[in-house]
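Number of protein chains: 2
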Amino acid sequence: MPVRALWYRPGTLFLIDQRELPGRTVVRRLTRIGEVADAIRTLTVRGAPAIGVAAAYGMALAARTRGETPDRAASVLRATRPTAHDLFVGIETVRRAWVDGAEVDAAADAYKERVVDECHAIGRAGAPLFRGEKSVLTHCNAGALATVEWGTALAPLRVARQRGARLFVWVDETRPLLQGARLTAWELARERIPHAVIADNAAGHYLARGDVDAVIVGADRIARNGDFANKIGTYEKAVVAKENGVPFYVAAPWSTFDPRRPTGRSIPVEERGDDEVLELAGRRIAPRRSKARNPAFDVTPARFVTAYVTPGGIVRPTGVAEAVARRPVPDDPR
Amino acid sequence: MPVRALWYRPGTLFLIDQRELPGRTVVRRLTRIGEVADAIRTLTVRGAPAIGVAAAYGMALAARTRGETPDRAASVLRATRPTAHDLFVGIETVRRAWVDGAEVDAAADAYKERVVDECHAIGRAGAPLFRGEKSVLTHCNAGALATVEWGTALAPLRVARQRGARLFVWVDETRPLLQGARLTAWELARERIPHAVIADNAAGHYLARGDVDAVIVGADRIARNGDFANKIGTYEKAVVAKENGVPFYVAAPWSTFDPRRPTGRSIPVEERGDDEVLELAGRRIAPRRSKARNPAFDVTPARFVTAYVTPGGIVRPTGVAEAVARRPVPDDPR
Numbered sequence: 024m025p026v027r028a029l030w031y032r033p034g035t036l037f038l039i040d041q042r043e044l045p046g047r048t049v050v051r052r053l054t055r056i057g058e059v060a061d062a063i064r065t066l067t068v069r070g071a072p073a074i075g076v077a078a079a080y081g082m083a084l085a086a087r088t089r090g091e092t093p094d095r096a097a098s099v100l101r102a103t104r105p106t107a108h109d110l111f112v113g114i115e116t117v118r119r120a121w122v123d124g125a126e127v128d129a130a131a132d133a134y135k136e137r138v139v140d141e142c143h144a145i146g147r148a149g150a151p152l153f154r155g156e157k158s159v160l161t162h163c164n165a166g167a168l169a170t171v172e173w174g175t176a177l178a179p180l181r182v183a184r185q186r187g188a189r190l191f192v193w194v195d196e197t198r199p200l201l202q203g204a205r206l207t208a209w210e211l212a213r214e215r216i217p218h219a220v221i222a223d224n225a226a227g228h229y230l231a232r233g234d235v236d237a238v239i240v241g242a243d244r245i246a247r248n249g250d251f252a253n254k255i256g257t258y259e260k261a262v263v264a265k266e267n268g269v270p271f272y273v274a275a276p277w278s279t280f281d282p283r284r285p286t287g288r289s290i291p292v293e294e295r296g297d298d299e300v301l302e303l304a305g306r307r308i309a310p311r312r313s314k315a316r317n318p319a320f321d322v323t324p325a326r327f328v329t330a331y332v333t334p335g336g337i338v339r340p341t342g343v344a345e346a347v348a349r350r351p352v353p354d355d356p357r
Numbered sequence: 024m025p026v027r028a029l030w031y032r033p034g035t036l037f038l039i040d041q042r043e044l045p046g047r048t049v050v051r052r053l054t055r056i057g058e059v060a061d062a063i064r065t066l067t068v069r070g071a072p073a074i075g076v077a078a079a080y081g082m083a084l085a086a087r088t089r090g091e092t093p094d095r096a097a098s099v100l101r102a103t104r105p106t107a108h109d110l111f112v113g114i115e116t117v118r119r120a121w122v123d124g125a126e127v128d129a130a131a132d133a134y135k136e137r138v139v140d141e142c143h144a145i146g147r148a149g150a151p152l153f154r155g156e157k158s159v160l161t162h163c164n165a166g167a168l169a170t171v172e173w174g175t176a177l178a179p180l181r182v183a184r185q186r187g188a189r190l191f192v193w194v195d196e197t198r199p200l201l202q203g204a205r206l207t208a209w210e211l212a213r214e215r216i217p218h219a220v221i222a223d224n225a226a227g228h229y230l231a232r233g234d235v236d237a238v239i240v241g242a243d244r245i246a247r248n249g250d251f252a253n254k255i256g257t258y259e260k261a262v263v264a265k266e267n268g269v270p271f272y273v274a275a276p277w278s279t280f281d282p283r284r285p286t287g288r289s290i291p292v293e294e295r296g297d298d299e300v301l302e303l304a305g306r307r308i309a310p311r312r313s314k315a316r317n318p319a320f321d322v323t324p325a326r327f328v329t330a331y332v333t334p335g336g337i338v339r340p341t342g343v344a345e346a347v348a349r350r351p352v353p354d355d356p357r
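Those protein sequences? They're chains A and B, same order as listed. Add 23 to the 1-based position in the first sequence for my numbering, that's all there is to it. Add 23 to the 1-based position in the second sequence for my numbering, that's all there is to it.
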């Protein structure tokens, strides 16, 4: 059975609590917008496309609450996390339906369906990159958990497997929150896709030895020139992949592309609490007197990207601006 | 009071148990060679120069045991870990004294004193690289704990501070075993040197933003052409430093240079157990069905190194072979 990160029945949003994986599969039931905002802020749900969908349903829950307004609801959800562009697209899509007097649940459902369809299209577009026997490195989790279904980075691998490719996946553990070791490994183990978890530090070692045929990652926001924000550490992998002549792919639905950012320089990077670095499983790992810095994302310049895998097909870095302008979905909603 | 990783009184080697830091300072007393071999294998003592000294004292303890022979003792210690060259130099230095009928304790003490003196000399040679106000990134622990006293990478920072430099140190946490977050942070916190622990993934982010003036690391083995092995992740930092025009320094005593390896390709890289990656503080972090790979070191080509900080001064990559040939210590003992 395929993984679904979240699902909705009128008045209730169900989420797999991603903080509990892989140890336990716990489903949270949310009925109020404040609970959805908390779930996004605490990474109960994470991954740019998935938090966009969760926020769309957060708007739908708000619309059921007497006295709630579209703008107030949007501002509550917009304040949760700053980097993923999809969050703002999800919120705005449903806000407009609500303002226009359309059926709000239906608008949120349609947004979710579009994200799922786009991820499946990413899978079909990217699968030919992974024919035959391939070793692929991925960073963080850009799978079904991050996107509702299919994934972004993992979608082409899933479709390639259906088409007979024999894949091995190097899974960066992805400190500080271990989305690779916990979530990507969980998705791959469930589908019995051969893989090995590695410390983030080991990716370069395997890239330099020729043990990696390609790198594929998701994105949190892609600027018009192709610069993109993604989980901290992505930039290092991209630089080292290029140094070793290994292709580096970025997979994302249209909601991740931000036509209002000319380059990556203006993408806001969230800095999270230093306890995520200084503690592990509730235990302090560094001295009491030490502090930490904890940027959740970094920005990788487009020159390190071989190609973007989009729902509309493979796009080269020089083609991003045009592809975004022609994308078959509403422009940036703000 | 300066940190000392280990000390010796005739018949007993005292070690700080580095697995317990920073939570507790536990001193182990070892009286037999087998205990020293175990301490090296389990990383109770780690860091190339420090395990060389521990092994030298392991030989001294063996020489006090009836029926023990120099060659058997050497082979026990040589089998503990494969990558650090200093280990073999420490063993061989004392083995020869033993075979020659010299005072074995004195030979081990002299070896330790030489390492400490060389680390201090590294500090004086490297300090001018860190004048004024500087932000410096380091990976793993190449401090006093790794070398008995002073450190290799940390020695120039300590001497620069004595000379009035205002330093800020970015400390890579260094997964999987967190020698940065646990040990380097502990040394810096003790001396109140301003620092921040970061996930290894975040180093590239700060390098790209211009927040790092220089990178300095230790080494486990340096080939004749300047290629060097060091803690896994060092290669990535070197590649990203070069991409951003940030100087990258390698600090090491003469025992780390291996004149018998023409390049880094033939340096043996230890692969350790996958539980170091799959578990944290005894708790499983990845799914039961997932496996891991765990190379403890990687090899960085000399072209990424700005300079080597040696006891004899600053050496450029093209000068390594000559510097090693002229080094004022015995040639590779094997």
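To be clear, the hints were calculated from the coordinates, so they are not data collected in a lab. A couple of the hints might just be wrong.
[Claimed, not checked] Residues on chain B that point at chain A, a partial pick, calculated with CB under 7 Å:
#1 Arg-119
#2 Ala-212
#3 Glu-214
#4 Ile-221
#5 Gly-227
#6 Pro-270
#7 Ala-309
#8 Pro-318
All C-beta atoms, glycine included, are put in the ideal place defined by N, C-alpha and C.
Results of checking the hints against the structure:
no.: 1; hint: Arg-119; verdict: violated (35 Å)
no.: 2; hint: Ala-212; verdict: holds (4 Å)
no.: 3; hint: Glu-214; verdict: violated (11 Å)
no.: 4; hint: Ile-221; verdict: holds (5 Å)
no.: 5; hint: Gly-227; verdict: holds (4 Å)
no.: 6; hint: Pro-270; verdict: violated (17 Å)
no.: 7; hint: Ala-309; verdict: holds (4 Å)
no.: 8; hint: Pro-318; verdict: holds (5 Å)
When each numbered hint is compared with the structure, violations occur for hints 1, 3, 6.
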